[in-house]
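*Asks:* Modelling step: build the complete structure from the supplied sequences, incorporating the hints.
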Amino acid sequence: MDSNEGPLTTAALYILLALSEGDLHGYGIMQSVKIQSGGSYKIGPGTLYANLSTLLVKGLVGEGQRKLKNGDTRREYCLTSDGERVLRAEVRRLQRVVATARRRLGSLSEGGT
Amino acid sequence: MTVRRCLLFAYRCLLWLYPTDFRRRFGAEMLELAEAAEPPEWPLIFSDTSVGILRSWLRPTEDGATVARGEPDGYQALGEWPLPVLRIVQGFVLSVAMILGACYISSVPAFWRFPDYPNCKAISAKSGSPSEETAIRFLRH
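Protein chains in written order, with the working numbering: chain A, 1 to 113; chain B, 114 to 254.
Wrong hints could be hidden among the right ones.
[As the list claims (entries may be wrong)] Pair by pair, the computed Cβ-Cβ distance ranges are:
| no. | chain 1 | residue 1 | chain 2 | residue 2 | range |
| --- | --- | --- | --- | --- | --- |
| 1 | A | R103 | B | G140 | 46 to 52 Å |
| 2 | B | G204 | A | R92 | 39 to 45 Å |
| 3 | A | K42 | B | I212 | 53 to 59 Å |
| 4 | B | C126 | A | R88 | 38 to 44 Å |
| 5 | B | E148 | A | I35 | 18 to 24 Å |
| 6 | B | C126 | A | K69 | 47 to 53 Å |
| 7 | A | R92 | B | V202 | 43 to 49 Å |
| 8 | B | P152 | A | G38 | 20 to 26 Å |
| 9 | A | R102 | B | M211 | 41 to 47 Å |
| 10 | B | I212 | A | E84 | 42 to 48 Å |
| 11 | A | C78 | B | R136 | 21 to 27 Å |
| 12 | A | D72 | B | P152 | 21 to 27 Å |
[Stated by the list, open to error] Facing chain B, from chain A, some residues (calculated, C-beta under 10 Å):
| no. | residue |
| --- | --- |
| 13 | M30 |
| 14 | G46 |
| 15 | L52 |
| 16 | V97 |
Simulated from the structure, these hints should not be mistaken for laboratory data. Just so you know, these numbers come straight off a predicted model, no measurement behind them. By construction, the Cβ of each residue, glycine as well, lies at the ideal position given by its N, Cα and C atoms.
*Replies:* Okay, structure coming up:
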């Protein structure tokens with residue numbers, strides 16, 4: 001995916017952020033999103049897997065199998081280099097938004113509202 | 114325990130409404146998530162999955178996972194049955210769910226009542242901003 005494609009959705013941003021910590025399975029991503037947002041944003045399985053499907057197709061997320069102690073295998077997801085690049089671009093974009101918002105809100109508070 | 118089992122059964126049925134490719138790929142994992150969920154999380158899981166099902170049918174993924182595959186210029190010969198029975202049943206259940214949902218929404222009066230939005234004029238007058246006349250004069254100028 002090209003970083004010029006536009007902003008990431010909230011769910012996609014949280015998923016990429018969760019995977020930036022390390023490889024995670026679906027439940028791990030859900031828990032990580034809950035912790036990252038302080039419980040204010042919860043992602044359900046429908047949103048999670050719809051987004052994962054899109055991110056996999058775009059090559060921003062990869063998948064692999066991890067063998068568990070009991071012999072079962074579990075699918076895990078990881079952040080690809082493209083995913084990391086897009087995440088960094090999105091964070092930069094958000095920083096610019098926050099900087100603009102701070103300036104404008106600052107001028108509003110100076111105006112006495 | 115029985116309630117949990119019933120909920121899991123209902124969730125399994127719900128997953129069945131996903132397009133086949135999507136269900137084959139993620140269905141087992143989604144069921145695992147539901148099994149690991151705490152009781153307060155069940156409403157989120159059901160509502161989110163229901164919306165996800167509609168979204169997956171309305172907005173297919175880019176790999177065409179939810180789009181029927183076929184030849185680029187293929188056509189359906191007369192007498193051929195184009196859709197498998199499973200697809201027809203899925204479509205029927207989804208249609209009924211959407212119609213019932215629309216009926217429910219239209220029956221809730223609060224849904225159609227617009228909230229009282231803040232009055233910008235009052236706010237601007239309060240904060241000492243230019244009056245309406247000044248603004249009109251400015252625009253005419």
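*Asks:* So, for every hint listed, does it hold in this structure?
*Replies:* Structure-based check of all given hints:
no. : hint                        : verdict
1   : A:R103 - B:G140: 46 to 52 Å : holds (48 Å)
2   : B:G204 - A:R92: 39 to 45 Å  : holds (44 Å)
3   : A:K42 - B:I212: 53 to 59 Å  : violated (29 Å)
4   : B:C126 - A:R88: 38 to 44 Å  : holds (42 Å)
5   : B:E148 - A:I35: 18 to 24 Å  : holds (21 Å)
6   : B:C126 - A:K69: 47 to 53 Å  : violated (32 Å)
7   : A:R92 - B:V202: 43 to 49 Å  : holds (48 Å)
8   : B:P152 - A:G38: 20 to 26 Å  : holds (22 Å)
9   : A:R102 - B:M211: 41 to 47 Å : holds (43 Å)
10  : B:I212 - A:E84: 42 to 48 Å  : holds (45 Å)
11  : A:C78 - B:R136: 21 to 27 Å  : holds (23 Å)
12  : A:D72 - B:P152: 21 to 27 Å  : holds (26 Å)
13  : M30                         : holds (7 Å)
14  : G46                         : holds (2 Å)
15  : L52                         : holds (8 Å)
16  : V97                         : violated (24 Å)
The earlier numbered hints that this structure contradicts are 3, 6, 16.
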